[in-house]
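Protein sequence lines, in the order shown, are assigned to chains H and X.
Counting from 1, position 25 in the first sequence corresponds to residue 25 in my numbering; the numbering is continuous, with no gaps.
Counting from 1, position 111 in the second sequence corresponds to residue 111 in my numbering; the numbering is continuous, with no gaps.
Check each hint, because a few of them may be wrong.
Partial list, computed: chain H residues near chain X (C-beta under 10 Å) [as the list claims (entries may be wrong)]:
| id | residue |
| --- | --- |
| 1 | S41 |
| 2 | I65 |
| 3 | G146 |
What the hints contain is simulated information worked out from the structure, not anything from laboratory work.
Ideal Cβ positions, reconstructed from N, Cα and C, are used throughout, including at glycine.
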Amino acid sequence: MREIQTGSIIEAVKDAAIRANLDLGEDVLRALESGLDRETSPVGKEILAQLLENAKIAREDRIPICQDTGVAVIFAEVGQEVHISGGDFKSALEEGIRLGYEQGYLRKSICHPFTRKNTGDNTPVVVHLDMVPGDRIRIWVVPKGGGSENMSRLFMLAPSAGWTGVKERVVQTVAEAGPNPCPPTIVGVGIGGNFERSAILAKKALLRPLGTENPDPELRPMEHELLEEINKTGVGPQGLGGRITSLAVHVLMMPCHIASLPLAVNIQCHASRHVEVLL
Amino acid sequence: MQTPLSVQDIEPLRAGDPVTISGYVYTARDAAHARLTELIQSGKGLPFPLEGQVIYYVGPSPAPPGRIIGAAGPTTSYRMDPYAPRLIQLGLKGMIGKGRRSQEVKDAMVKYKAVYMAAIGGAGALMAKAVREVQVVAYEDLGPEAVRRLKVENLPLIVVNDTLGNDLYLEGQKKYQIRSA
Numbered sequence: 001m002r003e004i005q006t007g008s009i010i011e012a013v014k015d016a017a018i019r020a021n022l023d024l025g026e027d028v029l030r031a032l033e034s035g036l037d038r039e040t041s042p043v044g045k046e047i048l049a050q051l052l053e054n055a056k057i058a059r060e061d062r063i064p065i066c067q068d069t070g071v072a073v074i075f076a077e078v079g080q081e082v083h084i085s086g087g088d089f090k091s092a093l094e095e096g097i098r099l100g101y102e103q104g105y106l107r108k109s110i111c112h113p114f115t116r117k118n119t120g121d122n123t124p125v126v127v128h129l130d131m132v133p134g135d136r137i138r139i140w141v142v143p144k145g146g147g148s149e150n151m152s153r154l155f156m157l158a159p160s161a162g163w164t165g166v167k168e169r170v171v172q173t174v175a176e177a178g179p180n181p182c183p184p185t186i187v188g189v190g191i192g193g194n195f196e197r198s199a200i201l202a203k204k205a206l207l208r209p210l211g212t213e214n215p216d217p218e219l220r221p222m223e224h225e226l227l228e229e230i231n232k233t234g235v236g237p238q239g240l241g242g243r244i245t246s247l248a249v250h251v252l253m254m255p256c257h258i259a260s261l262p263l264a265v266n267i268q269c270h271a272s273r274h275v276e277v278l279l
Numbered sequence: 001m002q003t004p005l006s007v008q009d010i011e012p013l014r015a016g017d018p019v020t021i022s023g024y025v026y027t028a029r030d031a032a033h034a035r036l037t038e039l040i041q042s043g044k045g046l047p048f049p050l051e052g053q054v055i056y057y058v059g060p061s062p063a064p065p066g067r068i069i070g071a072a073g074p075t076t077s078y079r080m081d082p083y084a085p086r087l088i089q090l091g092l093k094g095m096i097g098k099g100r101r102s103q104e105v106k107d108a109m110v111k112y113k114a115v116y117m118a119a120i121g122g123a124g125a126l127m128a129k130a131v132r133e134v135q136v137v138a139y140e141d142l143g144p145e146a147v148r149r150l151k152v153e154n155l156p157l158i159v160v161n162d163t164l165g166n167d168l169y170l171e172g173q174k175k176y177q178i179r180s181a
């Protein structure tokens, strides 16, 4: 049994929320630079250069990369041997977000679905909790903006759709989104599971560092094929036309019902923000 | 260009033109547009003038100490499409945001003469550098969604929709699209 105090969870989440919003990950910077090299559209190149400049300003001036500091999504893997003391685990996650968004001058962007009254502290938080072997807690804080999220889609396909149908829907989703999700995007694809699991797979797929290969050899060619098709759409950076519509496509897949082929497409904008902490 | 904008200012603009805006712009997003529309429908006065003005679709992050504004990049414009044609009819001359507009909005821009310009989405820190003054003018209760009057200097934009109905998103994508055989 290893004891972890909620106090250290709160601090870790607070710190991660601020860092995620101000310091764009090295892998994302490398991907943007690579995009800049490969883009042929002059406007597209200019946009990519400005995005890199923006990341530099944010990091140096300590202000958010984007004013949409997003819904706070948290993936947490809690080891079976961990004993959490000092309070309620989920409340600690929320308190960490509350403090991070206040002390980090991050935008409070959560409201009632109908009255649109702002909750004032960027809670509630969307938590995906898993219990795993071991005595550590691993937390990913993933601020997710509304623009790209609004362009994400979920399809319950008929099994007859097959890989061709999946490919069509993924490319269609990106093409229809056009400029709206702030291209260049990273596309998370979840295949299988069930209605809600496919969506979580799609978002989880976004966490893999850019520029790394999918550890599953079955999924690697799928990712390459989807990326190639997406970049033929010509949407380009900020949808103004170009060859770099998406920087990467990441796929996660799991078995599903014999009557179903669930497909979730979670679009991530170029401000792909996530910080991992290990307690 | 300097706000307020006249028809002479915006008629020569074409989709794809890089422009800068200086002067006052008003910020408003979904909730503020809903309230403004309600005021218009009930014949009441608006909290700020529309004639010749520019609305920037933005909800800035809070200003850290020593700064007047946080990050201030554009939000996605299509959500304001239900409201925009009426505002354009009443004299709004420019809109700043990102993402495509509906046919109704584009038609209103042609009919009443207005332009839609894109700021770089996700470049919140960079866009904020152009802001010189910030003042809440209405709906403070909306927090980030309040109507603010910003004084901007050389806010870098690109014309997406002009007064002739051209659309940079459509033209740009067509130029770089590769159709499979």
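Structure-based check of all given hints:
no., hint, verdict
1, S41, "holds (6 Å)"
2, I65, "holds (6 Å)"
3, G146, "holds (8 Å)"
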